[in-house]
Each structure stands twice: as C-alpha cells, then as structure tokens.
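A.B. asks: So you can see what is in the structure, the chains are spelled out below.
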Amino acid sequence: MMMFAGCLSLLIPCSIGYLAVCRLCERQFVPGGDFLLKISLGVFVGFGICSCLFFLWLVTVGYRPPVIIGAEAGLCIALGVSHWRRGGRGRGPYASPASSAAPGYLRFVFWVLFGMSLAYFLLKALRHPHGGWDAWMMWNMKARFIFRGGKEWAQMFSSQLDWSHQDYPLFLPISVARVWMYVGRETVVGPILLSLLFTYCGFGVLMGALVKLAGEERALLAGCLLAGTPFLAVAGAIQNADVPLGMFFLCAAVGLLLHERTGNPDGRWMVLSGLCAGLTCWTKNEGLLVICVLLLGQCAIRLPRVGAKRTWREIVSFGFGALPGIVCLIILRARFSLSNEIVSMAELGEWMRRLLSPHRYVLIGDRFLAGLVNFGAWRVSPVAALTLFGLTRGIDARRTGDALKGLIVVGAMIFGYAFIFLITPYELVWHLSTSLDRLFMHLWPVSILFWINAMGPRCRSPKTIVASFSTPLGEP
Amino acid sequence: MPPEVPSKMSAGDSAHPFDAAMSFILGLLILSFLLTYKDYFWHDQGTIGQDKSSLLEVRFRDLKASLPPEGIFGFVTDKDDNQIYRVQYVLCPLVLVRGVASDVIVADFSAGERVSAFCESNGLSVLRDFGDGTMLLTRSLPLSNAYGPEAWNLGRGDEFQGQFAWPSPSPRPWLDGPCLGRFTSLEDAESPDRERSRRCEA
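Same order as they appear, the protein sequences are chains S and E. Just add 26 to wherever you are in the first sequence, counting from 1, and you've got the working numbering. Just add 262 to wherever you are in the second sequence, counting from 1, and you've got the working numbering.
These are computed hints drawn from the structure, not numbers from a lab. Be careful, since some hints might not be right.
[As the list claims (entries may be wrong)] Think about it this way: if two alpha-carbon atoms lie no more than 20 Å apart in a straight line, the pair counts; the simulated EDC-like pairs of lysine to aspartate or glutamate are:
#  : chain 1 : residue 1 : chain 2 : residue 2
1  : E       : Lys326    : E       : Asp301
2  : S       : Lys150    : E       : Asp313
3  : E       : Lys300    : E       : Glu332
4  : E       : Lys326    : E       : Asp394
5  : S       : Lys150    : E       : Asp301
6  : S       : Lys64     : S       : Glu242
7  : E       : Lys326    : S       : Glu212
8  : S       : Lys64     : S       : Asp292
9  : E       : Lys326    : S       : Glu178
10 : E       : Lys341    : E       : Glu382
11 : S       : Lys177    : E       : Glu332
12 : E       : Lys341    : E       : Asp301
13 : E       : Lys341    : E       : Asp394
14 : E       : Lys314    : E       : Glu332
15 : E       : Lys314    : E       : Asp394
16 : S       : Lys177    : S       : Glu212
17 : S       : Lys150    : S       : Asp463
18 : E       : Lys314    : S       : Glu212
[As the list claims (entries may be wrong)] Sample of chain E residues lacking proximity to chain S, with all beta carbon distances greater than 12 Å (derived):
#  : residue
19 : Asp324
20 : Lys341
21 : Arg348
22 : Leu398
In this text, a Cβ means the ideal position worked out from N, Cα and C, and glycines have one as well.
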C-alpha cells in the first residue's frame with residue numbers, strides 16, 4: 027500500500043506535466059513521437075505545478091492532505107479527459123526532426139557513461155540518505171516542518187531559525203513533503219527518488235530537444251558529456267537544489283530554441299519556457315537572474331530579426347508562463363516578511379566599498395577561471411579536449427543566432443554571479459569556495475545544449491579550421 | 263519568419279567518418295569516471311547508514327519521543343558549532359535555540375562526565391538522561407527576575423500531556439503570573455526526576 031501511494035505521488039505530477047506539455051505545445055510535436063522530450067519536460071513541469079498548487083493550498087486552507095491530493099487528482103483527470111477528447115494528438119504543422127543517425131559506438135559509449143553515472147549516484151545516495159549539508163539543513167528540514175508540523179508548518183519561519191535561509195523558495199521542500207504526505211510517513215527514499223528523477227530526466231530534455239534540433243548524433247554526444255560529469259551524479263545524490271535549478275534552466279532554454287526553430291506564431295513554446303524559468307525562481311533565488319538573462323538573450327537576438335512588436339508579444343507570452351513561480355515567490359516573501367539576506371544585509375556604502383575594492387575582482391576572476399577548468403569533479407579534465415572539439419567542428423552557419431543567444435545567456439549568468447560575489451556580505455573566499463562549483467552546475471546543461479546545437483555537423487579538415495579564423499563567425 | 267528546417271546532410275556526412283576529437287573526448291570522459299570510481303572504492307567508501315544524520319536520528323529517537331510535538335527549547339553541546347543544525351534537523355518541528363535561556367534544554371555531549379561540571383556552573387540539573395551524551399536539562403535555579411516570561415519562551419507546549427515528565431505539578435510554574443521568581447530550586451517541586459537531579463548535582 028505504501029509503495030502504491032509512493033508511486034502515485036510520483037505518477038500524478040508526471041502525468042499532469044506530460045498532459046500539460048502536450049496540451050500546450052501539441053502542434054509542435056511529431057504525432058506519436060518526441061515522447062522522450064514530452065515526458066522529460068513533463069516531469070519538471072508537473073512537479074513545478076504541483077509544488078505551486080501545494081503551496082497555495084498551504085497558505086490558504088492550511089495543511090490538509092485530502093484536499094491537496096483531491097485537487098491534484100482532479101487536475102490530472104481534467105487534463106487527461108481534455109487530452110483524450112482531442113484525440114491525444116497534435117494538429118500540425120509539425121517541426122521536422124533533423125535527420126542524422128548516430129554511429130553505434132557513440133550509442134554504446136553513452137549507455138556506458140549513463141550507467142556509470144547512475145550507479146555512482148546510487149552509491150553516493152546510499153551513503154548520504156539524508157542528503158548533503160544543504161539538503162538536510164534547508165530543503166529536507168523545511169520538508170519536515172511541513173509534514174511533521176502540519177497546521178503549524180509556518181514554524182519554519184520562526185525568528186530563532188534565521189540561520190536556515192528562510193527566504194529560499196520552497197519547490198524542493200514541498201516536493202519532498204508531498205511524497206511523504208502521499209506515503210503517510212517520512213522516508214529517505216522519497217527525496218532520493220525525487221533527486222534521481224530531477225537529475226536523470228534532464229538527460230531526456232537535453233537529448234530529446236537536440237534530437238529535434240540537431241539530430242541523434244549530437245544528442246548522444248550531449249548526453250555523453252552530461253553523463254560523463256561525475257559532479258552531476260554527486261550533486262544529485264546529495265540532493266542539491268542546484269541540479270533541479272540547472273534542469274529547469276535547461277527546460278527554459280529548450281523552449282526558447284524550439285520557439286525560434288519551429289517559428290510558431292502563437293508563442294506556446296515561449297509560455298512553456300516562461301513556466302520553466304518561473305519555476306527556477308521557485309527552486310532557488312538564482313532563478314530571478316535566470317529569468318533576466320533569458321529575456322536579455324531573447325531580446326538581443328529576436329529584436330533585430332523580427333522587430334519590436336513580435337518580440338514584445340514573445341516576452342508577454344514568456345512572462346505569462348513565468349507567473350506561477352513568480353507569484354508563489356512573491357506570496358512567500360510577502361506573507362512571511364522574508365527578505366533576501368545578501369540584499370538586506372547590504373548598505374549602499376558597503377556595496378560601493380566592495381565594488382571599488384580591486385582585490386575582490388582579482389580574487390573572483392582567479393577563482394572563476396580555476397572553477398571553469400576544474401568544474402565537474404573530473405579526474406582528467408576534458409576542458410582542453412572540448413575546446414579542441416569546438417575547433418574541429420566549428421559553428422554551423424545557420425545557427426549563429428542560437429550560438430550568440432547561448433553566449434549571451436551563459437555569459438550574462440557568469441557576470442551576474444560575479445556581481446553577487448562582489449557585493450556579498452559574507453567572507454569572499456569562503457563564499458566562493460562553498461558555492462562556485464554549484465553555480466557552474468546551473469550553467470553546465472544549458473552550455474552543453476547551446477554549444478552542441480550550434481556546432482557544425484561534421485569534423486572539419488585542418489585546412490578548413492585554419493581558414494575559418496580568417497572568416498567572420500558562422501560563415502562556412 | 264519561416265521555421266528553420268535542418269538541412270539534409272550530404273551523402274559523405276552520413277557515413278560518420280571516425281571523428282578523432284570526439285573519440286578522444288569520449289575516452290577522457292570514461293577514463294575520468296573510472297578514476298572517480300577508483301577514488302570512491304579506495305578512499306571514500308564509508309558504510310551505509312553510518313552518516314552523521316542517520317546516527318543522530320538513532321541517538322535522539324528516545325529524546326524526541328519524550329518531548330512535546332511543538333515548542334522552543336534551549337540547546338547546549340560541547341561539539342562543534344554546527345551540531346545545533348544537525349540536531350534541529352532531527353528534532354524539527356521543535357525549535358532549538360543555542361544557550362540555556364529556556365526552561366528545558368536539549369543537551370548533546372560527547373562525554374557524560376562533562377555534564378556534571380556544566381550543570382553546576384550553569385545552575386542546571388539533568389531532567390532525563392537518554393544515554394550516549396543526549397539528555398534533557400532543566401534549571402535548578404530560575405533565571406533572574408529581570409527576564410520576563412518571554413525569556414522563558416517554551417512555545418506551544420502547554421497542552422501537551424504525553425510522556426514528558428515536567429519537574430513540578432504545574433507544567434510551567436514560573437510562568438504562572440505572580441509566582442515568577444517564587445520557584446527557587448527543583449527541591450521545591452515533587453519530581454520523578456528528583457533523584458536523578460540530585461545525582462547530577464552530587
């Protein structure tokens with residue numbers, strides 16, 4: 027019975043998400059196809075929607091499991107009936123999938139790396155069933171306050187617990203408490219399973235999108251890069267919120283790329299992209315920066331191409347999608363009078379003193395460069411090899427827009443993080459050493475997406491590589 | 263703008279010529295992961311269920327069962343400063359406050375011998391010892407009258423009628439309005455833990 031309830035707690039959000047994605051972007055999918063992309067996106071969207079709903083119930087009617095479960099089941103049934111009445115299929119026009127079959131050895135290597143990553147995740151998760159420091163001190167502790175506290179769940183915002191980062195959003199604590207609520211008791215299996223889902227469904231989003239955008243070969247290559255990153259498995263196993271944040275960011279970026287590629291005029295991919303971007307805000311505070319840089323990237327590329335009017339329409343669609351996550355965050359902050367610790371602890375004079383301190387720039391630059399090379403917990407860092415790889419493939423001339431968008435988005439995120447470190451009230455070396463790896467984790471899946479998507483389809487000869495340096499970006 | 267449809271690859275491309283750079287990267291990724299496994303099995307293995315949180319869950323199980331479901335308690339330890347976070351995780355939704363400015367204090371000591379000295383110097387006595395350095399302490403002497411009832415904040419534990427044995431017939435005699443300060447020691451109260459308190463003081 028407990029196992030059935032546990033399965034139900036995962037199946038309901040997955041179904042809600044899958045049906046919502048199908049309903050939202052039905053014209054953009056190949057009939058009967060794109061299942062990997064739809065179901066993977068659906069996992070993130072579904073858990074995001076359920077988390078927002080759960081929170082709204084908590085602040086309005088309080089912690090009442092039958093009401094919450096009933097609402098979720100009702101939503102799932104309503105979406106299912108709507109999907110069934112529409113015949114469960116899209117109405118076209120469909121985006122043509124890229125045709126590029128992958129070589130067998132690449133497929134084999136992907137499964138080897140994926141298996142190694144999964145096994146490493148499980149080994150680590152069994153050793154740390156309560157998660158790492160961040161997981162138990164913030165996310166799982168808040169989940170316990172919700173589940174154990176019942177109607178007194180808001181005790182987690184008690185002034186005596188001001189060390190527990192009370193301003194952090196509640197996506198993860200609520201997702202964990204949801205599973206316990208269905209099961210009826212606390213179990214460490216719940217958060218581990220959630221973390222497993224959030225970590226490995228990201229593969230489905232990345233590879234499913236790249237199959238659509240660039241073909242199977244590059245999708246598998248992207249999968250190999252992600253699976254071959256030991257830090258991803260470690261961060262997932264210790265239940266860091268940075269993994270779901272990075273994956274929501276990835277989903278949002280996928281929405282932007284597919285919007286541009288499919289050229290859909292009604293902006294449904296933009297709504298989906300906005301929804302995922304909004305959910306990054308509901309996962310961690312860094313999500314606010316994610317929304318800003320995605321909008322910046324979109325405007326910078328689309329404005330010269332399609333004009334102000336259409337770009338504005340796209341931004342409105344994006345903003346509409348982002349509403350659930352942002353509204354939940356605003357309610358949380360307003361209801362419990364929470365303010366961000368970095369902002370609230372700062373004074374203008376202090377900010378200026380820090381901004382004018384040259385050694386902070388040097389230290390941050392130094393740590394960022396070291397972090398870029400050492401990130402990923404690779405014993406043999408493939409960064410040099412990846413650069414070589416980029417040189418041999420070059421940029422696809424038809425995808426310079428995507429490449430530029432990726433550059434703007436990832437670059438702006440790095441600058442945003444560097445700015446936060448500049449003004450941080452915490453001791454700088456400590457703050458950098460405890461968070462930089464995790465921040466790069468946010469960017470890694472998105473960087474792979476943009477980079478592999480923009481890359482040329484085949485290995486170039488040395489002569490072509492040399493010649494490419496004398497031609498502008500993107501020209502063949 | 264019309265949708266960009268990825269162009270068909272030419273006949274030469276579909277043959278997938280051996281990509282040396284890609285193979286090199288894939289080789290590095292596998293090698294890197296193998297070395298990570300090597301590190302794990304040689305240095306980082308550990309034992310399942312022996313992580314700090316799991317061990318604390320076991321150590322504090324009885325203590326947690328004897329406390330009311332909600333409330334604010336003091337916390338003292340001779341371990342590192344982060345111990346309060348770990349114990350808070352185990353005991354939530356109870357709220358722990360560092361220090362002895364509460365009428366009931368959760369203690370987590372690495373050695374039981376240290377407790378006597380600590381109790382003596384802070385005017386505390388052991389309410390119940392759960393073994394392995396975990397215990398509940400209470401005040402032998404009340405805090406100064408300069409502290410208002412807020413300083414004794416025990417949260418919402420008033421209605422609790424569970425296993426917790428309070429040191430006097432009244433759950434919180436020092437909060438009963440005019441009697442604040444009247445209660446001078448545990449000797450004044452008929453407590454099932456009186457003998458234990460005496461042992462501690464001895």
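A.B. asks: Do the alpha carbons of lysine 150 of chain S and aspartate 313 of chain E lie within 20 Å of each other, as the hint requires?
C.D. replies: Holds: lysine 150 of chain S and aspartate 313 of chain E sit about 11 Å apart, inside 20 Å.
A.B. asks: Given the proposed pairing of lysine 326 of chain E with glutamate 212 of chain S, does the C-alpha separation stay at or below 20 Å?
C.D. replies: 15 Å, holds
A.B. asks: Run the distance test for lysine 150 of chain S versus aspartate 463 of chain S: straight-line Cα separation, threshold 20 Å.
C.D. replies: 18 Å, holds
A.B. asks: Should the label of aspartate 324 of chain E as a non-interface residue stand, given a Cβ cut-off of 12 Å to chain S?
C.D. replies: 17 Å, holds
A.B. asks: Just to be careful, I want the Cα atoms of lysine 326 of chain E and aspartate 394 of chain E compared with a cutoff of 20 Å; is the pair within it?
C.D. replies: OK: lysine 326 of chain E and aspartate 394 of chain E at ~14 Å, within 20 Å.
A.B. asks: Hint check: lysine 64 of chain S vs aspartate 292 of chain S, CA-CA at most 20 Å. Holds or violated?
C.D. replies: Measuring from Cα to Cα gives roughly 19 Å; hence the hint holds.
A.B. asks: With the threshold set at 20 Å, check whether the alpha-carbon distance from lysine 314 of chain E to aspartate 394 of chain E stays at or below it.
C.D. replies: At roughly 14 Å apart (the allowed maximum being 20 Å), aspartate 394 of chain E and lysine 314 of chain E satisfy the hint.
A.B. asks: Hey, lysine 341 of chain E versus aspartate 301 of chain E, does the alpha-carbon distance stay inside 20 Å?
C.D. replies: 30 Å, violated
A.B. asks: Verify that the Cβ of lysine 341 of chain E lies farther than 12 Å from every Cβ atom of chain S, and report whether the claim holds or is violated.
C.D. replies: 16 Å, holds
A.B. asks: For the pair supplied as a hint, lysine 314 of chain E and glutamate 332 of chain E, confirm whether the alpha-carbon distance does not exceed 20 Å.
C.D. replies: Answer violated: lysine 314 of chain E to glutamate 332 of chain E is near 24 Å, above 20 Å.
A.B. asks: Are the Cα atoms of lysine 341 of chain E and glutamate 382 of chain E separated by 20 Å or less?
C.D. replies: OK: lysine 341 of chain E and glutamate 382 of chain E at ~19 Å, within 20 Å.
A.B. asks: Take the C-alpha atoms of lysine 300 of chain E and glutamate 332 of chain E, compute the straight-line distance between them, and say whether it is at most 20 Å.
C.D. replies: With a Cα-Cα distance of about 46 Å, the restraint between lysine 300 of chain E and glutamate 332 of chain E is violated, given a limit of 20 Å.
Hint compliance for this structure: hints 1, 3, 12, 14 and 21 are broken, all remaining hints hold.
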